Each structure stands twice: as C-alpha cells, then as structure tokens.
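Colleague: So the protein lines, in turn, are chains D and H. So the first sequence is numbered by the working numbering: it starts at 1 and just counts up by one. So the second sequence is numbered by the working numbering: it starts at 278 and just counts up by one.
Just so you know, these hints were derived from the structure itself, not from any lab. Errors might be hidden in some of the hints.
[Unchecked claim] If we take Cβ atoms under 7 Å as the criterion, some of the chain H residues that face chain D in the derived model are:
hint	residue
1	PRO313
2	SER316
3	LEU356
4	LEU359
5	VAL362
6	HIS365
7	LEU389
8	ILE395
9	SER437
10	ILE470
11	SER491
12	MET502
13	ALA505
As the structure is a prediction and not an experimental result, all values here were calculated from the model. The beta carbon of each residue, even a glycine, is placed where N, CA and C say it ideally should be.
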Amino acid sequence: MSEAAQHSATLGPAAAASASRGMRPAMISKVAGWLLVLALLVAWEASARLGLVKSQSWPPFTGVLRAVWDGMLTGELLGVLLSTMLRMLKGFLIGSAIGVVLGLLIATVPLLRRFLSIVIEAVRPLPIPAIVPPLILFLGIDDGLKVTVVALAVTFPVLINTIGGVDNIDGTLLQTARTFRKTRLETMTSIILPSALPTILAGMRISLGLAFVTTIVAEMIAGSAGVGYFIMVTQYGMRPDQMYAAVICLAALGYGLNWAFVSIERRLVGWDQRQDD
Amino acid sequence: MRKLGRAWPSLVTCLVIVAIWQVASDREVVNPALLPPPSRVFPLLWEMIASGAVLAPLAHTLGYLAAGYALGCAVGISLGVLMGVNHHVFNIFEPLVELIRPIPKPALIPPLFLFLGIGTTTKLTVIALATFFPVLLNTIQGVRGVEPVAVNTARTLGHSTIATIVKVVLPGALPLILVGMRVALGLALILVILAEMLVDAKGLGYQIIDLQRSFGITEMFAWIMILAVIGVLLNAAFEWFERLAVPWRAK
C-alpha cells in the first residue's frame, strides 16, 4: 500500500514548498530546468540536421513532431493508440473486478486465506512477459491474449490491496455492525467495501500503470496490432520518426492516465484523510 | 518452523493444483501438446538442473539484472539525494525527469536497440532506466522527510554537509529508498525478461520465447517454473535485506 502511494507520488507540491524559501534563486533554477530541456531538444535537432549523428535512425525533433501530427491526421497513429487503450481498459476492468471480488473473499473467509495466501505469493513475482508465450499457445495472438495478460497483471495489486484494506478496518465498526445484527451482505456493502475503498483504489492506480505497460509488452511480444507492435514494426522498417512519435504519444498518454485516475479517486474518496499520508 | 505450520494449507493447494493439471492433461481436457502434464515437466526440470543446463542462461539473466539494477539504484540514489537536499538541483532536473518518467520503459527498447545494437548495452540501459525512476522519486521523498531537527543538530555539532548526508540524511531516508528499490526490482525483472525476448539471443527470456516458437513446450514450462522460483527468491532476498538494513522498521 505504501509502495503504491510512494511510487506514484509526483514531484509537484514539494517544489512549491521549496520555492518559498528563496524566491529569486528558485525562479532562476526553475527557468534553468526548462532551459535544460530546451537545450537538449535543440541539441537533438541540430545533431540530426547538421549530420553530427550520421544515422538513419536519428530524425530531427521537428521531424518527429511532424510524424505525430501526420499520424494523428491520417489516423494511423491515432487508430493504433486507440486500439491499445481499448484493450488496456478491457483488461483493467476485468482484472480489477476479479481482484476486488477475490480479495474480499480471501479477506473475509479465513479458510480461503489459509489455503491461498502462499500460492498467491508464489505466483505473483513471475514477471509478466514470461506468461505471454504459453498463453499464445492457447489464445493465439489476438485481442483475447492481450486482454487476458493485462487482466492477470492487474489482478494481483488490486487483490493484495483489497485484502490489506479489509484487514485495516477498525474492529469497532465490525462489532457495531454485529451488534445491530447486520447481515453478512449488509456488512459487506455498507461497511467493509466503503472502508476498504481508498486502499482498493490505490491498488487500482498502480494497476492502471501496470495495465498500460503490460498492454504494450504483450503487443511487442505477440505483435498483431497496437502501439507496442507499431513501435516494433517502425523500428524494423526504419521509420524512426514514426517510432519516436509513438513513444512521445505513449508518454503523454501515461501522464494523462495517471492524472485522470487521480481526479476520479479524489472525487470518490476525497473524504479519506489517509490520502495525504 | 512456525512458518512451516502456517504454510501447510497452501502446500495442499499446490498439490491439488498439480493433481488437477496432471489429470486434465492425461484425460486430454486440455491438449497435452500445449500443456504437458507435470509428470513430464518436473522430470525434465530436474534433468536440466542436474545436468547444469540451467546455469548459463540463468547466470546471463541474473548478471545483467544485477548490473542494470545496481547502476539504476546508484544513479537514482545519488541524484535523489542531491535533488532532495538542494532545491536548485531539484528545480533544474525536475522538468526533464517529469517528461521522461511517464514513458512506459518497454517502449524504449526499440529506440535504444537502434542506437546500442543487439543484446548487452541495450539491455543494461533499459534495466537501469526502469530502476532509476522509482528509486529517484522515493529517495527525494525520503530525504525531504528526514527530521529537520536531526539535520540541524548534526550541523550544530559541526558535521560537514557530506558527513550530515552520510550520517543523518541517508539513514533517515533509507526506509523510503528501500520502498523505491523494491518497486524497481519488480520492474527490472520484467525488463530483463522482455529485453531478452526482443533483442537478445541468450538468457531466460530468450529461452522461453524461443522454445515457444520451436514448439519445445515441455521445456518452455520448465524454464517458466525456474523463472517463478527466481522471482520468489529475489523477493525473499530483498525482504531479508530490508530487515537487515532497517531493523527498526519491523513490518
């Protein structure tokens, strides 16, 4: 859980804090930071234009931007990105649903926990690329495979966080529910689920990043469609401007996904104090 | 021993899974050509271990994993400490870090491949990059979270900046640094296997994908099991290391 919070933390708020210490020098170093980015981009552009890097695979930065623009206009890149997002979303939703349901079961049924916990710990560290080749044998290389791989990758963090969330519920709440003779189902929906929700959502946030990466990994290994495949094909086909264009779009998407999920999360569990930990 | 006592129900589950797998394969509920029964996978696995055939790919993978991971951690912690301690350094590097960080690291394998060629350097770079970011972010947070009183005390007692960093800041930030390193270890393992599948001709990842393509399915499953064991062992080793490094932060 704390892994989740730490890993996805951004650098933003702390920067504001440090700015108040010394206003002017801070402004200067901030500008310097952006100048550094600009300088690197200029160096990229110049090295390609002036032929300092003599390579087929080193297009100028403006050429890459052009490839982004063209890819969006012709719809080639846009279509590829959309198909990846769609697969990712399917896998994410299926995996999250399985993770939450299985997590709630394991957390509330002691027998299940005893028989499953170490099995889960044993399967979890298996790196995701390794499960793609065997699954190809059964599912082929189409969407079914990729959605399954993503769902599998997503399930575990959600599962672990769901169990953690339920375990951390204040015992008094559960005793109160029992005192009021709530049924198991009522306790589940009115106490356990809402109390565990912040932790579950934190798990889903890591899983969203994982789903994104996993979709691309699966598309790279079992290529038939999507951005992962597109990057591989443009690399082999020596179309580096399009390859870099796809990588830039992926960065933007990754950024956007995290931002979108954080906004949704804030809306759903804005009441939760632990958020600020 | 107590751990073993808690483990037995899970062992039962494992045995049940293996039994179902065996029966399903024997009765051809699943195609045994695609999912060979444990009675064929386990002997082969044993043979591979006994003959030492596992050693070369295993050493290849673990060697690159260790090198890339160590590199990523070293750079991540160093820059993280600098960025955490000095806000100018932070301001200078923040935009660059924030621009590169969201790129899914697997997508960097093909571009790196174009520059660094097949195999080793590409693999090392991508593992180090994947390791770098979680370690960097957690180190910055960890350094920022160090008790200011402790830092001021060290200064009052006449410690130099470097001594303060080594004696006060680093130990204080260590728990969070380790959190980042743990996340990074999982990522590094994913990247090493993926890179071997895509741009290398050696190692566990290559074995698995090559055997799938040449239809050496039984052997492929044996390699996957080895990889699963490696994953569990790495996790266990990290936990042991974490307990050793920050004993005061018992879970």
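Colleague: Indicate, hint by hint, whether the structure satisfies it.
Modeller: Quick rundown of the hints versus the structure:
| no. | hint | in the structure |
| --- | --- | --- |
| 1 | PRO313 | 11 Å, violated |
| 2 | SER316 | 18 Å, violated |
| 3 | LEU356 | 12 Å, violated |
| 4 | LEU359 | 13 Å, violated |
| 5 | VAL362 | 11 Å, violated |
| 6 | HIS365 | 4 Å, holds |
| 7 | LEU389 | 10 Å, violated |
| 8 | ILE395 | 12 Å, violated |
| 9 | SER437 | 21 Å, violated |
| 10 | ILE470 | 5 Å, holds |
| 11 | SER491 | 11 Å, violated |
| 12 | MET502 | 9 Å, violated |
| 13 | ALA505 | 5 Å, holds |
Going through the hint list in order, the structure does not satisfy hints 1, 2, 3, 4, 5, 7, 8, 9, 11, 12.
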